[in-house]
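*Asks:* Spelled out from the first residue to the last, the chains are:
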Amino acid sequence: MNLASYRKKSPWILHYNAGGCNGCDIEILACLGPKYDIERFGMINTGNPKQSDILLVTGPVTKRSRERLVEIYAQMPEPKVVVSCGACACTGGVFRGMYNCEGGVDQYIPVDVYVCGCGTRPEQIIDGVVQALGILEQKTKAMEVSVRLQKEPLKEEGQINRRNIADQIKPALS
Amino acid sequence: MNDLLIPVLLILLAPLIGGLVYGFERIIKARMQRRIGPPLLQPFYDFLKLADKRKMIVHSAHAFLGIMHFVSLWFALAVLLLGGDLILVIFLHLLSTSLIILAGYSTRSIFSHLGANRTAISILAYEPVLIIIAVSIFMLTGSFDASAAFNWDQPLLYKMPLAFIALLLVLPIKLKKSPFDVAEAHQEVTGGVEIEFSGIFFEAVYTAKWLDYVFCYTLVFLFAGNNILLGIGLMVFTFFYLNALDNSSARVNYKQMLRFSLTVSFSLAFINLLINIFT
Ligand code: SF4
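Line order of the protein sequences matches chains V and E.
Going by the numbering used here, the first sequence opens with residue -19, and the numbers climb by one from there.
Going by the numbering used here, the second sequence opens with residue 97, and the numbers climb by one from there.
FYI, nobody ran anything at the bench for these hints, they're computed from the structure.
Small disclaimer: the values here were computed from a predicted structure and weren't measured.
The reader is advised that the hints may include incorrect statements.
[Stated by the list, open to error] Pair ranges (Cβ atoms, derived): (1) E:L184 to V:G114: 50 to 58 angstroms; (2) V:Q55 to E:Q283: 18 to 26 angstroms; (3) V:L9 to E:L137: 21 to 29 angstroms.
A virtual CB, placed ideally from N, CA and C, is assigned to each residue, including glycine.
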């Protein structure tokens, strides 16, 4: 029995907003509603990284959210795919070049499918996720790591210091 | 021979039956919300997919407690279906729930702790009612054995309707359905105790949920005595009641749940017990 073919049938979704305007998040939630109803493909919005297969990221990566993004990505067991939803998540969109964000999810974690649109439409999101399912089927259970963590996390007095996580992931990159 | 065959078959097939019930429930729930809903076999697809994920555990005791939760729940179900002692069944179920609570406390995740706290509180809400119901059955049939209730010549429902209503009021707590799903509360604590389980170890917890369905519907079936048709009717009624309730109500907080259960459900069951004693 080929277990990999069942990945397609029950993709569980984790949705993370890395600092967007919430427009794309509402479109993602619209997919769950009666009109688009992605549960008919077996998708559930789990909200728990340890049990999900697809990470839907929206928003440009702000300096506050990038550590969480990497941490959430690291907590997902392989095989996993990342879909970046919206112009912000793909390139930075309207937030590109601002002092508080980096622009683009793919600077931190490997992205498999890019979905365009400022306020992506639910149809586009479903299409992107279906493409991601094709990629998910090809993936192996080998460890995947985030791509860029050179930037030092905040480590001022009284700030949460997540450097250790970054240090653990860094050797695997080089 | 024949009266042993059906319970044993049921016990062996319990996860399958529970999975089908869960799949059907997801469809019905979706239809109630005017959605199409997943295919019937969706829970099994989930099961097979989870088996294929990379293995990740928090620590070995956590994973072990999760698996023991499943095993002890199956054991409790087996005792119930074989017609064992009802008090024993209730305590075995309690044991399996306490194992998952221990698993919840054994990690350092805050959500896991919150979920464990809430699961412990929901035990406090439904356990007394179940015990009172078991005592009522004892008063009626003269035996704590479930088989005595299964073989009782007239449905227990006619003798103890209030206890049945009390059972209907505590079943949502046990099955983690709205409005009493504080223990799972997906939008608040993302699953509570099950949050740290992943991959093949989550499967134990996920399948234990299916067993819980079989367990609860068997408790409902108990009220029909040896009238199988009525039993099936009661189970179908309970199924639709639970889903309608789940879809139409919002979550209450744990204090409201505890207050409701210990005043309304408990008193109903207790009045029923008094009636059974004095008539
Ligand atoms: S892409 Fe547009 S709609 Fe989506 S989060 Fe960014 S700014 Fe908002």
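*Asks:* Each hint should be assessed against the structure and marked as holding or not.
*Replies:* Going through the hints against the structure:
1. A C-beta distance of roughly 51 angstroms is found between L184 (chain E) and G114 (chain V), which places it inside the suggested range of 50 to 58 angstroms.
2. Checked against the hint of 18 to 26 angstroms, the pair Q55 (chain V) and Q283 (chain E) passes, with Cβ atoms roughly 19 angstroms apart.
3. Separation of L9 (chain V) from L137 (chain E) is about 26 angstroms and conforms to the stated range, judged on CB atoms against 21 to 29 angstroms.
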